[in-house]
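K.L.:
Take a look at the letters that make up each chain.
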Amino acid sequence: MRSTTHTDLVDETIALLDGLRARRPLVHCLTNQVVKAFTANTLLAIGAAPAMVEHPAEADEFAAMADALLVNVGTLDEAQMGAMRRAIPSANRAGKPWVLDPVAVGPLSLRTRFAREIVELRPAMVRGNASEILALAGQVGRGRGVESGDSPEAARDAARELAARTGAAVLVSGAVDFIVGEGREAGVANGHILMTRVTGVGCAMGAIAAACLPVAGSRFAAAVATAVLLGIAGDLAAERTQRPGSFQIALLDALDELDGAIVRRRARIVAP
Amino acid sequence: MRSTTHTDLVDETIALLDGLRARRPLVHCLTNQVVKAFTANTLLAIGAAPAMVEHPAEADEFAAMADALLVNVGTLDEAQMGAMRRAIPSANRAGKPWVLDPVAVGPLSLRTRFAREIVELRPAMVRGNASEILALAGQVGRGRGVESGDSPEAARDAARELAARTGAAVLVSGAVDFIVGEGREAGVANGHILMTRVTGVGCAMGAIAAACLPVAGSRFAAAVATAVLLGIAGDLAAERTQRPGSFQIALLDALDELDGAIVRRRARIVAP
Amino acid sequence: MRSTTHTDLVDETIALLDGLRARRPLVHCLTNQVVKAFTANTLLAIGAAPAMVEHPAEADEFAAMADALLVNVGTLDEAQMGAMRRAIPSANRAGKPWVLDPVAVGPLSLRTRFAREIVELRPAMVRGNASEILALAGQVGRGRGVESGDSPEAARDAARELAARTGAAVLVSGAVDFIVGEGREAGVANGHILMTRVTGVGCAMGAIAAACLPVAGSRFAAAVATAVLLGIAGDLAAERTQRPGSFQIALLDALDELDGAIVRRRARIVAP
Chain A
1 MRSTTHTDLV DETIALLDGL RARRPLVHCL TNQVVKAFTA NTLLAIGAAP AMVEHPAEAD
61 EFAAMADALL VNVGTLDEAQ MGAMRRAIPS ANRAGKPWVL DPVAVGPLSL RTRFAREIVE
121 LRPAMVRGNA SEILALAGQV GRGRGVESGD SPEAARDAAR ELAARTGAAV LVSGAVDFIV
181 GEGREAGVAN GHILMTRVTG VGCAMGAIAA ACLPVAGSRF AAAVATAVLL GIAGDLAAER
241 TQRPGSFQIA LLDALDELDG AIVRRRARIV AP
Chain B
273 MRSTTHTDLV DETIALLDGL RARRPLVHCL TNQVVKAFTA NTLLAIGAAP AMVEHPAEAD
333 EFAAMADALL VNVGTLDEAQ MGAMRRAIPS ANRAGKPWVL DPVAVGPLSL RTRFAREIVE
393 LRPAMVRGNA SEILALAGQV GRGRGVESGD SPEAARDAAR ELAARTGAAV LVSGAVDFIV
453 GEGREAGVAN GHILMTRVTG VGCAMGAIAA ACLPVAGSRF AAAVATAVLL GIAGDLAAER
513 TQRPGSFQIA LLDALDELDG AIVRRRARIV AP
Chain C
545 MRSTTHTDLV DETIALLDGL RARRPLVHCL TNQVVKAFTA NTLLAIGAAP AMVEHPAEAD
605 EFAAMADALL VNVGTLDEAQ MGAMRRAIPS ANRAGKPWVL DPVAVGPLSL RTRFAREIVE
665 LRPAMVRGNA SEILALAGQV GRGRGVESGD SPEAARDAAR ELAARTGAAV LVSGAVDFIV
725 GEGREAGVAN GHILMTRVTG VGCAMGAIAA ACLPVAGSRF AAAVATAVLL GIAGDLAAER
785 TQRPGSFQIA LLDALDELDG AIVRRRARIV AP
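Which chain is which? The protein sequence lines are A, B and C, in order. The numbering used here applies: residue 1 is where the first sequence begins, and numbers increase by one. The numbering used here applies: residue 273 is where the second sequence begins, and numbers increase by one. The numbering used here applies: residue 545 is where the third sequence begins, and numbers increase by one.
Simulated from the structure, these hints should not be mistaken for laboratory data. All figures in this text were calculated on a predicted structure; none of them were measured in a lab. It is possible that some hints are incorrect.
As the list claims (entries may be wrong) - Using C-beta positions, here's what the derived DEER-type ranges look like:
id, chain 1, residue 1, chain 2, residue 2, range
1, B, Gly354, C, Leu654, 23 to 29 Å
2, B, Gly421, C, Arg660, 48 to 54 Å
3, C, Ala559, A, Arg113, 49 to 55 Å
4, C, Ala623, A, Ala94, 57 to 63 Å
5, B, Gly489, C, Arg808, 57 to 63 Å
6, B, Leu382, C, Gly761, 35 to 41 Å
7, A, Asp157, B, Arg538, 47 to 53 Å
8, C, Asp555, B, Leu382, 21 to 27 Å
9, C, Gly727, A, Gly217, 56 to 62 Å
10, A, Gln242, C, Gly727, 53 to 59 Å
11, C, Asp803, A, Asp259, 34 to 40 Å
What the hints assert, rightly or not - Derived list of chain B stretches under chain A, where covered just means 3 residues or more per stretch with a C-beta under 8 Å from a C-beta of chain A:
id, stretch
12, 327-333
13, 342-351
14, 369-375
15, 381-389
Glycine included, each C-beta is placed from N, C-alpha and C at the ideal position.
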């Protein structure tokens with residue numbers, strides 16, 4: 001593994017945040033029905049622009065126009081699978097990065113087959129919890145619904161294998177997020193347990209990843225920035241409230257509030 | 273009707289809340305498109321775990337894995353009706369309780385036929401407003417869209433008939449909720465009119481019902497607990513704000529805040 | 545253009561708001577997947593009643609029962625296009641007004657063709673940003689996703705042409721909203737840039753328009769009232785918070801808080 005100092009990664013994250021606010025990437029979200037509004041609000045809060053375009057014909061057309069594509073399999077239906085099968089090659093042809101979020105892959109067989117099929121189409125990033133990453137890599141996890149039954153540590157080898165085989169950066173979210181890609185590894189210790197008490201925070205991480213990729217120096221740097229930026233926003237929000245309703249609102253406010261000084265003071269990039 | 277003291281029902285509700293937090297039931301929600309996020313956040317706030325799995329093949333598979341199933345007909349489409357027709361028998365075979373929420377049954381003919389068809393598949397609970405319960409039982413209510421044009425009192429006989437015929441506990445929501453099942457009846461006077469100014473609070477009651485059933489001593493106790501817990505959360509929230517936007521957030525915070533002492537102090541179980 | 549004093553329009557807006565609270569119009573929303581919950585909460589907050597009924601058979605039936613219909617093309621799929629094709633003629637036959645919101649029309653070809661097809665079915669109002677109105681009228685705008693790349697000024701002639709040809713009032717939202725219809729024109733300078741940082745605020749404007757039409761003296765007055773009422777709510781909310789999460793909540797609270805005195809004090813109707 002190549003060495004990267006944590007200071008370098010913090011600098012890259014700050015530059016990326018500035019670039020994101022300057023360029024305002026347009027993120028095409030093919031995501032699940034539960035989190036569409038929260039995902040859109042998360043992207044708007046951090047400074048990106050969301051668009052959910054679901055008709056297969058339009059998804060094909062739009063994936064080439066947007067700056068990045070998010071593919072989240074949380075509530076797959078036949079029409080949406082069709083949209084994903086057209087949008088991904090369209091994004092690839094146009095040179096636009098795409099993110100795979102394999103929600104609840106493992107216990108459910110249809111989405112597990114589908115996610116294993118599309119991960120071969122070369123996503124720039126895969127974002128999942130430990131159980132999802134284990135299952136995507138062909139191992140048996142202990143996920144229950146959308147929640148992980150495994151620790152990020154347990155999924156490290158699966159993440160490394162996925163990253164090496166597909167070329168994607170892999171972001172395994174958990175108490176300490178684990179990131180691997182392009183021969184580098186890092187841990188991110190930002191974030192708060194309240195983030196698991198609001199629906200869609202994990203899915204929002206996939207969306208932020210898609211927003212970071214077009215302005216990042218590398219896939220690995222985008223994955224680290226994603227974990228750091230959302231994690232710091234969670235830390236800030238948890239300082240203001242300990243209840244899940246108001247936490248959801250405080251998290252959006254905190255994403256808007258993020259700046260270079262806050263990132264420098266609060267980023268907790270650790271040895272993986 | 274068998275006599276149950278109100279103190280017994282309060283004790284049962286407190287025990288159920290403790291059991292819910294300890295076991296964290298996984299609730300499979302087949303619900304309407306408007307309320308998916310709020311339903312998920314409601315379940316997370318009270319201490320349960322939500323999952324929305326809609327593809328017919330996956331809904332079949334997941335209904336057997338989850339602890340309970342919610343079937344809400346608010347925005348039926350063909351695919352979702354297919355998912356419900358597969359998930360309900362799967363839940364029944366696996367011995368998992370399911371809740372029927374007959375949203376807007378009455379004025380709309382397709383969902384009325386569908387709800388009358390599936391209520392024969394033995395739900396553990398039916399949760400509706402007075403107009404919906406009247407219509408589900410084959411009588412003519414005065415509902416308009418998702419709102420009741422009838423008082424809970426007007427729907428009592430229809431609720432009793434439904435409960436006797438299907439074996440379900442029936443929860444008729446209103447200013448005073450009416451609950452009947454397993455030969456018992458109760459009223460619950462908790463709750464606040466602001467709960468009708470936020471979309472999805474009625475639907476969230478169906479989801480909480482599904483979360484209560486796997487940890488309840490009886491269907492009747494689960495229905496009483498559902499009305500008491502959501503109603504007290506509404507009372508608490510209304511003490512903090514009188515505006516509908518902030519009420520929505522305060523309601524989620526209050527669901528998280530609920531504990532045995534609050535329930536004992538505030539539960540208003542009354543003669544039906 | 546016929547002359548209307550701004551004082552007259554403020555009086556009409558206040559009377560309309562009172563009428564809306566008294567009659568509580570039921571609005572049938574065929575809208576996009578991202579904004580359904582926020583749209584419903586917006587309508588509840590201002591004093592109307594929302595219902596989302598999407599199955600083509602039910603959409604036909606319900607459009608005749610509701611007081612007004614909203615058609616928003618933000619996330620079209622085949623089933624929803626079918627529902628719209630049945631609901632619009634049903635509303636027309638029943639004499640119920642309907643609103644077209646041509647979200648992201650222009651860059652995406654399927655929805656552009658569809659919106660140009662249905663605008664011929666005589667909506668009472670069209671609500672869009674400048675790029676969408678330009679594209680709907682057959683001109684080339686510079687929209688990107690759901691955002692306008694054109695100023696409301698650039699879309700004036702397109703809006704006038706649409707209004708003259710279809711009979712609809714046309715509301716072009718922007719920093720100063722432009723309204724044209726029935727031979728009259730006005731500008732509305734209420735509103736705040738934070739409204740673009742919350743998903744669904746533009747779509748909520750279409751829903752409020754649908755709620756205003758059944759209680760308005762004219763289509764033009766309904767369009768002016770829509771822009772004034774939502775704009776003032778945005779002004780109030782922005783005085784309370786500058787962050788997008790809490791702004792979303794403050795906006796809903798402010799819609800509930802609106803009354804005649806606030807409207808009289810704050811309405812900024814200007815020369816177009």
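K.L.:
Sort out which numbered hints this structure fails and list those numbers smallest first.
P.N.:
Numbers 2, 3, 4, 8, 13, 14, 15, in rising order.
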